[in-house]
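The lines below spell out each chain.
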Amino acid sequence: SVPPGVLPLCHQLPAWGRAARHPQRPPQSPGLPLAPRRAFSNNKILVELDESSGVATMKFKSPPVNSLSLDFLTEFCISLEKLENDRACRGVILTSAVPKIFSSGLDITEMCGKSVEHYTEFWRAVQEMWLRLYGSNMVTVAAVNGSSPAGGCLIALSCDYRIMVENPKFSIGLNEAQLGIVAPFWFKDTFVNVVGQRVAESSLQLGSLHPAPQALKIGLVDELVPEEKLQEKAAAVMAQWLALPDHARQLTKSMMRKAVLDRLLAHREEDIQHFISFISKESIQKSLRMYMEMLKKKKS
Amino acid sequence: SVPPGVLPLCHQLPAWGRAARHPQRPPQSPGLPLAPRRAFSNNKILVELDESSGVATMKFKSPPVNSLSLDFLTEFCISLEKLENDRACRGVILTSAVPKIFSSGLDITEMCGKSVEHYTEFWRAVQEMWLRLYGSNMVTVAAVNGSSPAGGCLIALSCDYRIMVENPKFSIGLNEAQLGIVAPFWFKDTFVNVVGQRVAESSLQLGSLHPAPQALKIGLVDELVPEEKLQEKAAAVMAQWLALPDHARQLTKSMMRKAVLDRLLAHREEDIQHFISFISKESIQKSLRMYMEMLKKKKS
Amino acid sequence: SVPPGVLPLCHQLPAWGRAARHPQRPPQSPGLPLAPRRAFSNNKILVELDESSGVATMKFKSPPVNSLSLDFLTEFCISLEKLENDRACRGVILTSAVPKIFSSGLDITEMCGKSVEHYTEFWRAVQEMWLRLYGSNMVTVAAVNGSSPAGGCLIALSCDYRIMVENPKFSIGLNEAQLGIVAPFWFKDTFVNVVGQRVAESSLQLGSLHPAPQALKIGLVDELVPEEKLQEKAAAVMAQWLALPDHARQLTKSMMRKAVLDRLLAHREEDIQHFISFISKESIQKSLRMYMEMLKKKKS
Numbered sequence: 573s574v575p576p577g578v579l580p581l582c583h584q585l586p587a588w589g590r591a592a593r594h595p596q597r598p599p600q601s602p603g604l605p606l607a608p609r610r611a612f613s614n615n616k617i618l619v620e621l622d623e624s625s626g627v628a629t630m631k632f633k634s635p636p637v638n639s640l641s642l643d644f645l646t647e648f649c650i651s652l653e654k655l656e657n658d659r660a661c662r663g664v665i666l667t668s669a670v671p672k673i674f675s676s677g678l679d680i681t682e683m684c685g686k687s688v689e690h691y692t693e694f695w696r697a698v699q700e701m702w703l704r705l706y707g708s709n710m711v712t713v714a715a716v717n718g719s720s721p722a723g724g725c726l727i728a729l730s731c732d733y734r735i736m737v738e739n740p741k742f743s744i745g746l747n748e749a750q751l752g753i754v755a756p757f758w759f760k761d762t763f764v765n766v767v768g769q770r771v772a773e774s775s776l777q778l779g780s781l782h783p784a785p786q787a788l789k790i791g792l793v794d795e796l797v798p799e800e801k802l803q804e805k806a807a808a809v810m811a812q813w814l815a816l817p818d819h820a821r822q823l824t825k826s827m828m829r830k831a832v833l834d835r836l837l838a839h840r841e842e843d844i845q846h847f848i849s850f851i852s853k854e855s856i857q858k859s860l861r862m863y864m865e866m867l868k869k870k871k872s
Numbered sequence: 573s574v575p576p577g578v579l580p581l582c583h584q585l586p587a588w589g590r591a592a593r594h595p596q597r598p599p600q601s602p603g604l605p606l607a608p609r610r611a612f613s614n615n616k617i618l619v620e621l622d623e624s625s626g627v628a629t630m631k632f633k634s635p636p637v638n639s640l641s642l643d644f645l646t647e648f649c650i651s652l653e654k655l656e657n658d659r660a661c662r663g664v665i666l667t668s669a670v671p672k673i674f675s676s677g678l679d680i681t682e683m684c685g686k687s688v689e690h691y692t693e694f695w696r697a698v699q700e701m702w703l704r705l706y707g708s709n710m711v712t713v714a715a716v717n718g719s720s721p722a723g724g725c726l727i728a729l730s731c732d733y734r735i736m737v738e739n740p741k742f743s744i745g746l747n748e749a750q751l752g753i754v755a756p757f758w759f760k761d762t763f764v765n766v767v768g769q770r771v772a773e774s775s776l777q778l779g780s781l782h783p784a785p786q787a788l789k790i791g792l793v794d795e796l797v798p799e800e801k802l803q804e805k806a807a808a809v810m811a812q813w814l815a816l817p818d819h820a821r822q823l824t825k826s827m828m829r830k831a832v833l834d835r836l837l838a839h840r841e842e843d844i845q846h847f848i849s850f851i852s853k854e855s856i857q858k859s860l861r862m863y864m865e866m867l868k869k870k871k872s
Numbered sequence: 573s574v575p576p577g578v579l580p581l582c583h584q585l586p587a588w589g590r591a592a593r594h595p596q597r598p599p600q601s602p603g604l605p606l607a608p609r610r611a612f613s614n615n616k617i618l619v620e621l622d623e624s625s626g627v628a629t630m631k632f633k634s635p636p637v638n639s640l641s642l643d644f645l646t647e648f649c650i651s652l653e654k655l656e657n658d659r660a661c662r663g664v665i666l667t668s669a670v671p672k673i674f675s676s677g678l679d680i681t682e683m684c685g686k687s688v689e690h691y692t693e694f695w696r697a698v699q700e701m702w703l704r705l706y707g708s709n710m711v712t713v714a715a716v717n718g719s720s721p722a723g724g725c726l727i728a729l730s731c732d733y734r735i736m737v738e739n740p741k742f743s744i745g746l747n748e749a750q751l752g753i754v755a756p757f758w759f760k761d762t763f764v765n766v767v768g769q770r771v772a773e774s775s776l777q778l779g780s781l782h783p784a785p786q787a788l789k790i791g792l793v794d795e796l797v798p799e800e801k802l803q804e805k806a807a808a809v810m811a812q813w814l815a816l817p818d819h820a821r822q823l824t825k826s827m828m829r830k831a832v833l834d835r836l837l838a839h840r841e842e843d844i845q846h847f848i849s850f851i852s853k854e855s856i857q858k859s860l861r862m863y864m865e866m867l868k869k870k871k872s
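Residue numbers (the numbering used here), protein chains in the order written: chain G, 573 to 872; chain R, 573 to 872; chain X, 573 to 872.
Possibly wrong hints are sitting among the right ones.
If chains are identical, the list can't say which one is meant, so a pair holds when it fits in one copy or spans any two.
Below, simulated DSSO-like cross-link-like pairs (lysine-lysine); rule was C-alpha separation at most 27 Å, straight line [to be verified]:
no., residue 1, residue 2
1, K805, K789
2, K633, K869
3, K858, K869
4, K801, K789
5, K853, K830
6, K858, K805
7, K858, K672
8, K672, K868
9, K870, K858
10, K789, K858
11, K741, K869
12, K686, K654
13, K870, K853
14, K616, K672
15, K853, K654
16, K870, K801
17, K672, K869
18, K631, K868
I should point out that these hints are in silico values taken from the structure, not numbers from a laboratory.
Taking the hints into account, I'd like the entire structure generated from these sequences.
See below:
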């Protein structure tokens with residue numbers, strides 16, 4: 573699936589550092605033949621680009637729960653990178669092809685009983701995903717059509733705008749504390765930027781999963797819509813954002829998010845070491861194994 | 573209009589650095605003859621000081637739209653400096669004498685087809701205006717009686733309290749991105765201090781102009797009143813703030829705003845260079861020329 | 573009352589620095605004899621620990637107004653330290669045994685007509701109280717059953733959750749500016765973390781005391797309940813927080829509060845010097861004396 577040598581390419585400067593290289597994309601030349609929709613299929617994420625609007629959709633299709641495995645993250649980074657470098661693409665809508673779940677967050681199997689090399693590669697891919705998405709030059713809209721705990725919530729938080737299906741059975745939040753683990757500082761920084769310090773303090777300590785109506789109330793999502801209106805609404809919001817000239821919007825976004833992005837860039841290796849030493853603890857490994865066995869029993 | 577040599581005086585330490593020099597102003601001696609109102613008229617701003625209350629009003633009267641020209645900014649700084657040093661003055665209400673507009677923001681003619689020296693002088697005056705107003709020892713109340721885009725919004729944001737006429741046709745916001753330009757980092761810092769990071773991110777990227785009711789909802793203004801009640805309300809709010817002892821209030825204000833003021837002071841020359849290199853770009857000059865021609869055609 | 577030599581023990585590393593030393597407290601061994609309630613009485617604060625739930629209550633009983641004297645602060649630190657080191661204790665509810673008042677804040681008699689040594693000792697104890705409480709590893713819930721100005725408000729702000737009696741006659745806020753004094757920067761930082769920069773700016777400058785309903789509206793307290801439901805509600809909230817594993821919650825709390833705690837730790841001696849030079853001013857001493865005489869007259 574992923575050709576060897578691709579991932580290292582994925583580990584270059586994050587997108588936000590490249591604003592200067594992409595001054596105001598020129599409008600499509602009207603003389604060119606129209607190629608209205610191009611899809612590059614792969615294993616875990618379906619990417620569709622509508623060249624007439626300049627809007628791509630990244631649809632997570634990794635059943636049962638769109639968990640963020642190393643393969644998923646690698647595909648995510650490559651897909652985003654391709655779109656970022658495609659002059660025909662100005663915005664991305666992130667959504668799920670799996671019913672009832674947006675993404676369940678980091679794949680626990682990647683963190684259980686593996687080598688230090690594997691943990692390093694996995695954590696670097698998690699960082700990379702966030703650096704690229706939070707720092708993307710494109711307009712990013714999360715169309716949250718299912719539950720979105722932990723890393724799934726991080727993906728939504730990293731977008732410019734969050735629309736969620738108004739079903740109160742769907743919930744969203746950084747619930748790491750419920751599993752006995754601690755959200756990394758850059759998850760926390762991203763969360764505080766969205767909901768503020770007070771709400772973040774209690775929500776992170778309690779590992780709260782907020783049902784959609786509550787998520788709206790605390791500002792964790794920007795609006796709720798009925799499920800059948802979600803894609804239409806996401807397209808309308810995207811059109812509103814794309815009405816602005818790209819260059820000024822990109823520089824503005826970079827200015828707003830730079831401090832938080834720089835913090836991870838400055839402490840990236842420490843953050844990896846911290847993850848490894850935490851995840852390698854026997855007590856943590858034991859709880860993850862128990863949690864996985866519980867999930868297996870649930871399935872059967 | 574402005575005597576030569578006055579502007580340099582205007583470029584000294586910002587007011588917030590002077591708190592220690594103005595310990596608790598003594599109350600007016602009751603034996604002195606009352607001089608209830610003094611007005612010092614000038615070209616662009618009408619300043620009236622009511623010595624009995626200690627409240628001055630700065631009324632912008634630079635038709636058609638109170639744009640922030642170099643002359644306007646220079647008068648603004650001089651007027652504010654005079655009031656700051658006048659023991660009879662403890663608070664200032666900022667409002668407009670021009671119907672339907674508070675201030676349209678920076679004067680585009682100052683940024684179009686001029687010399688580097690001119691750009692330098694202009695940008696320094698914009699910085700100076702903000703440093704003096706945001707760091708003022710006086711209580712500052714914005715009585716926003718008209719639309720207030722870009723630099724006009726910055727003036728309102730820099731006050732201690734914002735009252736706006738409840739007319740939904742009047743809007744306020746940092747709409748720089750709509751013109752293809754980027755709000756400076758200290759505009760952004762001031763905005764984030766008022767509305768928080770989440771609202772600031774989308775509002776700045778979209779260059780949103782918020783109609784009065786929405787401005788209230790996001791906390792961009794503190795209250796709305798009918799137009800005929802505006803001055804009365806501003807006076808009442810001012811009286812409430814002036815009921816507090818000056819010295820403690822001034823030190824508190826300085827403590828709250830110091831971090832953001834210090835950031836511009838530490839990067840002032842870089843900020844000027846950044847403005848010059850941006851505004852000197854042919855692409856930017858071209859869009860400003862087009863924008864100005866559009867405005868001219870509108871008039872005729 | 574306080575044995576000599578105890579206070580220095582109280583001046584060690586604040587609790588937040590010790591997270592690593594207290595990994596996940598083991599559940600009580602079921603074979604041990606039950607000691608369901610232990611009370612260690614002292615002069616100013618009644619401490620009760622319910623070992624079955626792991627919840628302690630610290631009840632302020634220093635009439636007439638639970639003012640934060642040096643004795644009160646010393647007891648507060650010692651009590652909190654004991655609970656912090658007691659494996660049977662996982663959470664603390666702070667409340668008042670004095671009707672209508674939670675705590676009136678710093679004891680003015682400690683700041684009036686005393687020696688520099690006394691001011692130093694007093695201010696260090698105020699800092700210590702905040703460092704221990706804001707950085708506590710335990711879950712801390714404020715059950716605010718009366719008015720809570722200044723230092724009383726700081727105690728509530730430093731907890732994880734604030735429940736207040738819904739009586740609009742009870743108010744809460746950092747009203748230092750009303751007395752002509754300035755809240756220290758770490759009072760301000762704690763306040764901003766709870767209500768945000770905009771609300772903090774006006775509230776601190778005006779020295780506002782917010783009646784309970786308004787306190788709820790601005791997020792200064794998390795919920796209001798009828799007086800007779802307060803302790804029950806505090807216990808229910810505590811149980812919800814204690815349902816989470818301690819270790820992850822403690823590390824999360826430390827991550828959220830570290831920046832603000834570190835700021836005082838880095839400037840602790842300067843902050844003491846600043847307090848001494850401020851409080852030693854004749855003008856400040858004079859207003860405090862006048863204020864105390866006013867209070868005495870009120871009583872008689």
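### Query
Given identical chains, is K805 near K789, meaning Cα to Cα at most 27 Å, within a copy, between copies, both, or neither?
So K805 and K789 pass the 27 Å test inside a copy (19 Å) and across (22 Å) alike.
#### Entry: Intra/inter-copy verdict for K853 and K830 if alpha-carbon distance must be at most 27 Å
The answer is between: 24 Å across copies meets 27 Å, while 33 Å in one copy does not.
### Message
At most 27 Å between CA atoms: does that hold for K686 and K654 within a copy, between copies, both, or neither?
### Response
Classified as neither; 30 Å inside a copy, 41 Å across copies.
#### Entry: Homo-oligomer pair classification [K805, K858; C-alpha up to 27 Å]
Intra 44 Å, inter 35 Å, cutoff 27 Å: neither.
### Status of K789 relative to K801 across identical chains (alpha carbons, at most 27 Å)
Answer is both; intra-copy 20 Å and inter-copy 26 Å each pass.
### Message
As a check of your reading, is K870 near K858 (CA-CA no more than 27 Å) within one copy, between copies, both or neither?
### Response
within (18 Å within a copy, 64 Å between copies)
#### Entry: Alpha-carbon proximity context of K858 and K672, limit 27 Å
Classified as neither: same-chain Cα gap 29 Å, cross-chain 50 Å, threshold 27 Å.
### Query
At most 27 Å between C-alpha atoms: does K631 with K868 qualify within a copy, between copies, both, or neither?
This pair counts as within: shortest intra-copy Cα distance 26 Å, inter-copy 48 Å.
### Query
Quick one: K672 to K869, C-alpha cut-off 27 Å, is that within a copy, between copies, both, or neither?
Within. Shortest intra-copy distance 20 Å satisfies the 27 Å Cα cut-off; inter-copy 54 Å does not.
### Task
Please work out whether the CA atoms of K633 and K869 approach to 27 Å or closer within one copy, between two copies, in both situations, or in neither?
within (23 Å within a copy, 53 Å between copies)
### Intra/inter-copy verdict for K870 and K853 if alpha-carbon distance must be at most 27 Å
within (26 Å within a copy, 62 Å between copies)
### Query
Can you tell me if K672 and K868 fall within 27 Å by alpha carbon in one copy, between copies, both or neither?
within (19 Å within a copy, 55 Å between copies)
Hint compliance for this structure: hints 6, 7, 10, 12, 15, 16 are not met, and every other hint is.
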